[in-house]
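Just so you know, the sequences run in chain order E and S. Residues 567 to 706 (the numbering used here) are what the first sequence spells out, left to right. Residues 35 to 537 (the numbering used here) are what the second sequence spells out, left to right.
Calculated directly from the structure, the hints in this document are not laboratory data. Incorrect hints may appear among the rest.
Said to hold, decoys possible - PhoX-like mimics (lysine-lysine), calculated; alpha carbons at most 20 Å apart, straight line:
no. : chain 1 : residue 1 : chain 2 : residue 2
1   : E       : 671       : S       : 361
2   : E       : 671       : S       : 346
3   : S       : 294       : S       : 361
Since the structure is predicted, the reported quantities are computational estimates derived from the model, not experimental observations.
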Amino acid sequence: MTRLLVADDSETVLLMLERRLEMEGYDVVTATDGFEALERLREAGSQKPDVILLDAMMPNMSGTEVLEQLRIQGSKIPVLMISAHLDAQEPDRMRSLGASDCIPKPFEWEDLIGKIEELAGNPPSDGDSSPDGDSRPDAG
Amino acid sequence: MRFNPSLTSRLRIGFLVLFALLLLVSLLGVGRLFQVRVNYEDDITRFSQLELESERLRSAFILEQAAARPAIGQKLPSQTELNRAAANFSEAAGRAHDLTGDEAGLSSSLSQLIANEAAWRKKVAQPLVNGNIPSPGLESRLTKEVTNSGDALATGTRSARDDSRDDARAETRNTTLLVAAGLAGALLAALILFSGLINSMRAPLGRLVEGARRLAGGDLRTRVEVGGPVEIATLGRAFNEMANSLERDARERDRIEQMKDDFVLTVSHELRTPVTVVKGFAEMLTAQRKSLNARQYEAAEVIAESSAQLQKMINDLLDLARSDAGKLRIEPKATPVEPLVQRVGRQMRPHFEERHQRFTVSVENDVPEVEADADRVAQVLANLLTNANKYAQEGAQVRLTATRVGDEVEFAVSDDGPGLGGEELDHVFDRFWRAQSGETQEVGGTGLGLAIAKSLVELHGGAISANSTQGEGATFRFVLPIAKDGQPTRTEPASRTKAGAPG
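Please put together the full structure from these sequences, using the hints given.
Put into structure tokens, the structure is as follows:
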């Protein structure tokens, strides 16, 4: 079962993501800021998550700071950044910080699942999952 | 402070001075002419009388001669007649003396005549009356002297009269010339005064005109240098006060506009998170259809649809707010047209199928790449197609085309739906505007789609337009610039397979 670590400062958003991702069949661990996300990673021990979802903007310690910390530690876990910025340069900026991919807020659910699956290295599902996989030409 | 009389007092002083000068010159001139005329008339009268008196003196002398030496054979010399003639002579001489006035020449001529007559009477007439015959030489000499001095008086009088006439003429001429010169001088003085007045107004008025033009041109920091006569200076100060007020208003308006932009930006941003949550949970519920009863499922579906609509509206508002604040950024780069158009067509196709509309996508062969932000162009195309999908009736035909036109690529979305009237066309890109005809009541949407499309196209340096005839469908076109060194669109294998799939 694919394991996910999800960090978002809004508890309702976090709850929604947790419930929906669980419904999709993922094993979900949540954190409400960057410190907590790093804490959960340490607690996980060898049961490391397959993909980390980070909200770019969080109080105390932001997603980008967590990302930097992870890369300094040499972690290879793929990170999907969730960013509210609509700026066209945002995906490139995130990637230059070491993010594996980036999805803008708000997103369509199918897009999020498609990206998670891609980063988890799961083979593309044959069904309806992602007609928009190529919807961002700058993603590839 | 410098002496700076007001415009009205300047004008008043100017007119007063001019009037006084004209009056003075006129009065002096006319008075002088009148005086010359009166003097002339006096002189002429006086000299005429003097002439008359000199004739009388001559007659009296002839009578004296007749009394002293009567014609032969008539009668004896008469003392009485001599005395009467002499009295006449004296009377005439007295009157003539009064008439000579201060004319020295005439006066001395008259005195000479009187002296000569007295000498003649004493040495010739009186001896003759007394019977003593004077020597013929003496008589002839003294008589001649009297006659000569009488002639001299007559001649002198005539020439004095001529002189007086010439003097009067000369005086009249000179006075007339003087008056003319005086009038000309007064007018010149007035001219200098008024041109000074005009000059004192010209520079400050010029500055005011220039300032007003600059202000009208939109430079609200324009102020004029205050100067000139009091009224013009007051006008300048009033102008500056007006400019101050305009600038203040404009700054206030900008501030309010900024507040409004910030407000919309903040509110839509803050709304996004809760809407995301509502939409997410609603979608989750609809995915669990089996564990819900029919009514619960229906409610979940309505919540999901409504929150999706709300989310779209918030995103549209954010886009517009960013566009207004100049914060909406695009990242244009050389973008192939065909895959972009096909992708949007693929995403939109289910909506057309739902309404049984015939939807065709065609991209001209070898259309060059455009300089554009692909996601944003996709957004514009999706907005236009959504519009056509909503407003055209079921079973209608909708076409999406891309063709090269000169240095640009034209994208067109056309339908054979109800179309729009001329007045509606004018508002079609306005915010929150929605066509009021036909089925529109059941048409959802925010009324922001076309406004955003326009903002985005213009951000790309392109232009968007709408054409329609009521009852015959509508066409929306926009153009984007061709990318520098852009390659003609190659239809990639992946794109081809996918393009074929839904159609």
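Verification of the supplied hints:
The straight-line distance between the Cα atoms of residue 671 of chain E and residue 361 of chain S is roughly 17 Å, inside the 20 Å bound, and the hint therefore holds. At roughly 12 Å between alpha-carbon atoms, residue 671 of chain E and residue 346 of chain S fall within 20 Å of each other, so this suggested pair holds. A distance of roughly 15 Å separates the Cα atoms of residue 294 of chain S and residue 361 of chain S; the hinted pair therefore holds under the 20 Å criterion.
When held up to the earlier numbered hints, the structure conflicts with none and fits them all.
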